[in-house]
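Asks: Here is what each chain is made of, one letter per residue.
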Amino acid sequence: MTDGTLTTSVASRSQAVRLAPTHVLFGFVAIFAAALVGLSVGAASIPVSGVLLELLDHVPGLSVDSGLSELHQNIVWEIRFPRVVLGLLVGALLACSGAAYQGAFRNPLADPFLLGIAAGAGLGATVGFVFGLGDGSGPFDAIPLLAFAGALFAVVLAFAVGATGERGRSSTTLLLAGVAVASLLTAAQTYLVQRDTETLRQVYTWILGRLTTAGWTEVVVVLPYAVVSVSVMMWHRRALDVLAVGDDEAATLGISPRRTRTIVVVAASLAAAAAVAVSGLIGFVGLVVPHGVRLAFGTSNRVVLPLSLLFGAAFLALADVAARTVESPAELPIGVVTAFVGAPFFLYLLRTSQGPR
Amino acid sequence: MTELAARGLTVTLGGNVIVRSVDLSVSAGDWLVIVGPNGAGKSTVLRALLGLVDHDGTVSIAGSDASTMAVRERAQRMAYVPQNAEIPPGTAVLDYVLLGRTPHLRRGLYLGDEDVGIAIDALDRLGLTGFAERDLMSLSGGERQLAVIARALAQQTTIFVLDEPTTALDIGHQQHVLATIERLRVDLGLTIVSSLHDLTLAADYGTELLMLADGAVVANGAAADVLTPEAIAAHYGAAVDLIEHAGRTLVVPRRPEM
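If you're matching them up, the sequences are chains A and B in order. Under the numbering used here, the first residue of the first sequence is numbered 1, with each subsequent residue one higher. Under the numbering used here, the first residue of the second sequence is numbered 358, with each subsequent residue one higher.
These are computed hints drawn from the structure, not numbers from a lab. A few of these clues could be false.
To be verified - Covered by chain B, according to a simulated footprint, are these stretches of chain A (three or more residues, beta-carbon under 8 angstroms): (1) 238-245; (2) 248-258; (3) 292-306.
The beta carbon of each residue, even a glycine, is placed where N, CA and C say it ideally should be.
In isolation and in its complexed conformation, chain A is listed as follows (with noise of 0.2 angstroms):
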């Protein structure tokens, strides 16, 4: 190679696609900022400046006077800091999980909601409660793994019917198919918890989910599925992209299409069982995440999934304040705040996307 080459390649390597540092700060920034509403806000007001000083006040080498009472101290510690945490871990689980799900299945509508795999992983935990199986505590119970199953069951299950026929790539019979099995897979659960009403009360309690209360013990269920999930889903994130020009020609330039396909499902629904346990049903994250970060940053799933997990995280923190300062004092479900901001731009994807892809 001559110099005059070398300059080229060196000077054009700005060209080719890469996660930009600068993108990534800015979902570092739009965490951070997130998690500051999220600590000041609620029903005890605390200003933002002094959570700020509080923060700093915890860095090692750091003393600062926050002003803060010991009552808002620890507000913002002991109530509010695993809640942002918890909020931020299953956002961005949630919106990494879609992006995934939309590379895998190359359907820009795939949605861990809308495949019916959290109806899924509500199965399984059900199935865990009535047979008495766990109690939901620890990251090894029986629970989260039984989640996890319902939630792969489901996905498979959708997939399988959504994905025969002529073609077989419809964005839409994907979805018809999530909808037909996330009915039928709450049927069910709903009959199991009938005929066992002993376990209703911890049933709709695991489903509405728990980030109200949550403490330190979610984090720590949730983390272990966390790191292994979104690593795997990371690793994967350029044969996705070489996964977009189908399976023929995946296989041709060195990816084995099933294998790449089933690994990143398997790990997009452990993200989404994973998070599903410890928040409930949270719709839409996956759709709407995935989708603003490609309309901002690009398509390259080399880009969409690592600035999903960002954004996400923010996105849910700030949809945690909304969910609980809008009817203050009361709580509205997070799912419904998500719903609010989901459904309508879900309707504008439908209408927008047409046919396959």
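Fit chain B to the given chain A structure using the hints.
Replies: Relative to chain A, chain B alone:
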């Protein structure tokens, strides 16, 4: 030296035998053109060579059994230019060409400066230098086909498999694309297997021809031996004249008597 060979290649799809016991071999640096009427199994043979369909019989690449190769290893040796390449939305031409680097990437993930250099070199060779940052969607059909070939070139394989590379193109772009492939073959010593509809072009570009009908090989060899009026009548149901003109063989359909 034989670069690519198939022996007893048989493909059965849904109980129908699509390809029956096809033998073929291509020497390094040659261009084998597969011709045959619609539904003769041309695309399926190419797909079997690429390992995209289950088949009986063996495919060997430079003497090694391809069935023992991992997907990635095969992709380092054989590149594919499909009839209608899928165009992922919102993809810049350079990024598309960089997909060709996939089988060479460390852990399948990280593009180095060298990879970008190779992709840019491929764009240069195909006259697409100025298009690097353009959205693939905004290119014309002919330019897109060149971008797909650039992607194959970035794959740095010795074998190119092209399925009807000129089907959707007008006569000018057909000429340009085929001349480009021919230039790459000569300059880089590529071994090429392609299907082509146009028999005149098949005779022009193929160093060797293979005619398929109903999934089986009915003729194989030099253009003059394969493209006979009898064979074309028997397998295409077409009445043609073969006209020798300026050292070329032109296959011209006759106008039916009214």
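Asks: Using a Cβ cutoff of 8 angstroms, are there at least 3 residues of the stretch 238-245 of chain A near chain B, or does the coverage claim fail?
Replies: Check passed, 6 qualifying residues.
Asks: Just to make sure I understand the rule, a stretch counts as covered if three or more of its residues have a C-beta closer than 8 angstroms to a C-beta of the chain. Does the stretch 292-306 of chain A meet that for chain B?
Replies: Satisfied; 4 residues make the cut.
Asks: Go check the stretch 248-258 of chain A versus chain B for me, would you? Three or more residues, Cβ under 8 angstroms, otherwise it fails.
Replies: The restraint on the stretch 248-258 of chain A holds, since 8 of its residues have a Cβ under 8 angstroms from chain B and three suffice.
Hint compliance for this structure: no hint is broken.
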